[in-house]
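Engineer: Each chain, written out:
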Amino acid sequence: MAGGLAGLDGLARGRLAQAQATGSPKPGGTLVAAAEIDPISLDPHTNSNFSSVQAYDHLYESLTMYDERTNIVPCLAQSWEITNGGKTYTFKLRPNVKFHNGQPMTAEDVKYSIDRVLDPRTASPWRSWLDSIKEIKVVDPETVQMELGAPYPLLGSFAGMRAAGIIPKGLAEKENLKIRAIGTGPFKLVEYVPQDHVTYARNPDYWDKPLPYLDGMVFKVLTEENARIAALRAGQIQYAFLSAQGAAQLEGAAGITVAKSPFAWVVLDYVNVLNKPLSDARVRRGLRMAVDTNEVIQKAAFGAAVPSGPVPTGYGDWYLEPSTLPYLKPDVEGARKLLAEAGYANGFKFEIKCSPQYPEFVAATLVMQSALKKLNVDVTVTQMEWGAFVAENNRSNRTRGKEGSDVYASANTFRPDPDGFLYPYFHSTGSLNKGGYENPQLDGMLVEARQITDHAERRRLYLEAQKILLDESVNWWWYAKHNIEAVSSKVQGYAQSFTGRRLFLKKTWLA
Amino acid sequence: MSDPGAVAGLPSILDVGPAAPPAGLHLGRALRRTPAALIGVVAVGVVVLVALLAPVLAPYDAVAQIAQPLLRPGPGYLLGTDEFGRDELSRLIAGARVSLYVGGLAVLIALALGGPSGVLAGYHGGWVDDVTMRIMDVLLSLPALVLAIAITSVLGPSLTNVMIAIGIVYAPTFARVARGPTLAVARVPYIEAARAVGASSPTIVRRHVLPNVAAPILVQTTVSLSTAILTEAALSFLGLGTQPPTASWGLMLSAARQYMRLDPWIAVLPGSAIALTVLGFNLLGDGLRDLLDPQLRSR
Amino acid sequence: MRYLARRAAWTVIALLGVSVLIFVLVRLLPGSIVDILAGTEGQLSREQREQILRQFGLDRPWPIQYVQWLLAMLQGNFGWSFRSSQPVATLLASRLPITIELALLSVCGVALGGIPLGILASVSRSARVKTLVQIVGLLGLSVPNFWIAVLLIIAASTLAGWLPALIYVSPWSDPWVNLQQMFLPVLSLTLGLAAVVVRMTRSSMLEVLSQEFVRVARAKGLSARVVLLRHALANALIPIVTVLGLQAGYLLGGVVITEQIFGLPGLGWMLLNGVYQRDYPVVQATVMLFAVTFVLVNLVVDLLYTYLDPRIRYE
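Protein chains in written order, with numbering that gives the first Met the number 0: chain A, 0 to 510; chain G, 0 to 298; chain L, 0 to 314.
These are calculated hints, taken from the structure and not from any lab test.
Don't take each hint at face value.
[Unchecked claim] To give an idea of the interface, some chain A residues facing chain G are shown, with a C-beta separation under 10 Å as derived from the structure:
hint	residue
1	Thr142
2	Thr198
3	Ala200
4	Gln244
[Unchecked claim] Derived coverage of chain L by chain A (criterion: at least 3 residues anywhere in the stretch with Cβ under 8 Å from a Cβ of chain A; other residues may be distant):
hint	region
5	11-22
6	109-123
7	194-201
8	274-287
Quick reminder that beta carbons are idealized off the backbone N, C-alpha and C, glycines included.
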């Protein structure tokens, strides 16, 4: 398989540009980059878009963060203690950290920020990552204590940054955080023109001296990939995120390096297990079996992906080895048998909804549609405008699958803990359980796994849970695609992140 | 997206009187005089023929993924394959059907909505004219693309709904085109007198208005057909036009953007097909105008 | 005068019609700002959803929302964007100049390119020239404009190794950079729209050239060129102006795709995003702006038409 399994070994795990680093870092220069989607809003607590995080990552930080190997390392919290059976977290904050306005960061700011996320009035879509916290105490200006209702892997929630940025106390009441930002991050916000660009300037007081090296950055929104490629070639930008096809188009361009590494972007189909005949696990298995995973990888991701289970391939040691995944090779005969067993030898019709906002998902859907013809299964592909698609998705979430379509083509982005890929979707009371799946045995496993701290045991439980989900083919997981970023050769010291966030621009310099 | 307000050419309001004589006799002579129109006729003819004979002509199923993706033209797949391994030639042929279908139905809807409105407005004048034309203004002052997107989103994504959306967006243009000559005819003393003595309006409309309206409407139809094809392409670019895996030239062209350097064929082919068809309709429209505009015929 | 008054009254009614239409249409779109905020991966409880709706005033019945919006707008208050909480008036003010510049430059380009070609097509004796001009003029119209835009970008970066600076610079601060930034988008729009003007000029000239007073002028012995320029062109200008007016009105609303591909922060792109993100205040205000502009441009063109051609009378 080109790409696919072979690709996994060949990937340089985030070691971009360090091999070619010429000389030592030098400060100065402005990096001009292209963003593929508008950030929508810079408020670190109130919106759910991945593009948002990518934009405010440079401005805000949290108690913990990720390193190049996606390990959780200290950030605004210098150290921590977990006591009381995992229900009490005590964080010692890093001293002498200043916000962009010069104000020192203290425990009060941490309490304010987390309280804001937990406040139902804020309506934070990622509140569930922190809602195990029942109380936050300011022990002293440099110590924060959090009491949890039940044990939960909290450290990841902070590093995951979807709703964990630390802002100065009282800021949300004074400023419009959607377009203004005051944080502790390596860069300050100069301006955000919605739908157009974000301009950053170096934070001279940044705690992790001597970072950052760049004087500033500009991220211009260019949704058209050809425009990003052209800008790279013409030297107008020094960084862009590309699709595999885009990278292939860039082949041979002088002065540009393209890097690939594993990425927590799992393309999948959410299946409604309440609707007949998808309610029959044999049917679900048969449908999945009939499709050639490698063909999906070739046509949807242009070969730049690896097969994946529910937890993306490459994520710590929480994922199932791709070579051990079921459904790797298509088995049409086996599929036919299963469908016949379930009483659908003559096939049936069902619908897959997708959105042109992500042509990748549409492509995967088309491959499936084509493959299922062999089983006399007629797939209706319905492409919906993004807002309409999201609305439908949410309706399914709210009604736990009682109202909603057969299948949605979508993806999962990075979660700070394997729990995030499983619990909300497959626990019978999960808030993202749009398929209506209920399995008491799995429920028990998921609840237990979230509450214990023994890594080996957690790992065992999560691998077991994934096997169950794959066996019953609750969703159809296709692949984890590669993180492909193109940088100009002038850019040194940049490392890719498994999270897909541009975390290491703070370590980058221009030659 | 192309301008739905493209008015084919303001007809001369000085042409009045009883129904104009048929133009058929001049056809042959005129075609020889304007090679451009001839090219238009041939181009449109080819496309229409291909669309009609599509099921017979296409070597493979246009939506079947049967071969290696991005094959160059060669034996077996005469024009190569696209990014899903579907036969490009079959898709082009199927696309002719879709383009003509979309364009034809959309223009039909626009004609049905706009034509009678325009005639009504021009004939009755006064407040009927004001109301009708203001409604048309309302439709026209909404950005066409946004209106089409809104309609498609509300009605749901499907080819039919795309046609309805485009049809509604184009209706005001047809209303305007129909209104002009109607207005002129209605003002002529002969006609005013006839109405004053109670001559039946439908008869007047049939005998005097329609023949004068027919020519500009016909020309506008060909023009709108060409812009409808382009509008469908624009909507497909935004993902709101033709639904995959249906083959439409606009969708094929839009999808080909990602593969420009990797396989230019899958862009060049649908792009040329669109250009040929749109050009053909435009030339045909120009030729028709030259032919049917009595002012020009008198030269 | 009476005509103006009546026209004005109907215009107001038409604008009210637009306001109702866009108000309803945007609310008929499936989903709302709540769905956009939650995305596909976020989780919002029912209370939170209702709270957000209340925050944006979307929980009140439609007629009340409409009246509140209308009254506010008439007082100059265009509301706040759901997405960025910025005043919509500010957003409009910052993006309008870009779209206007794009539209004006395109109209100039179309006029400068289209009119001479149209004249050529109408007066040339050679059938070959006429055909060639027609086809060349129409070629730009025959290909989808997103395609022209993408091709231009690729051509510029590959053949010339050049692309303008990406962050928009206003013509007041740096005219040269601004011109560079406008060059490709204007070119793409001009190529697409010139055909309409070519055709209009051609048919209009043909019509005029065949008329009585032109023949009379030539019989009087005036040189062909004088006849051409002074009489024919002047008269032919009427419908040309009409079409250019329509183009300008259309351009202000229809350059969405061009703005998106070239990354120009104009009104069209903001409107499209507003639709996608269910940002009702932005969509409503922008559409009203377009409508008013369109209607005004129409009025001016119609008046110009009357002025230029006294044969047309409006009762």
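Engineer: Report holds or violated for the interface hint on A:Ala200, using the least CB-CB distance to chain G and a cut-off of 10 Å.
Structural biologist: violated (35 Å)
Engineer: How does the coverage statement for the region 109-123 of chain L fare against chain A, requiring three or more residues with Cβ below 8 Å from a Cβ of that chain?
Structural biologist: Contact hint for the region 109-123 of chain L vs chain A: violated, 0 residues under 8 Å.
Engineer: Is the interface hint satisfied for A:Thr198? The criterion is a beta-carbon contact with chain G at less than 10 Å.
Structural biologist: violated (29 Å)
Engineer: Under 10 Å is the threshold here; is the Cβ of A:Gln244 close enough to any Cβ of chain G for the hint to stand?
Structural biologist: holds (4 Å)
Engineer: Report holds or violated for chain A covering the region 274-287 of chain L, Cβ cut-off 8 Å, minimum 3 residues.
Structural biologist: Held - the region 274-287 of chain L has 3 residues with a Cβ nearer than 8 Å to chain A, which meets the minimum of three.
Engineer: How does the region 194-201 of chain L fare against chain A when you require at least three residues with a CB closer than 8 Å, holds or violated?
Structural biologist: Coverage by chain A is violated here, the residue count being 0 at a Cβ distance below 8 Å.
Engineer: Examine the region 11-22 of chain L for residues whose CB is less than 8 Å from any CB of chain A, and state whether their number is three or more.
Structural biologist: violated (count 0)
Engineer: Please verify that hint: A:Thr142, Cβ, nearest Cβ of chain G, below 10 Å or not.
Structural biologist: violated (52 Å)
Against the hints set out earlier in the document, violations occur for numbers 1, 2, 3, 5, 6, 7.
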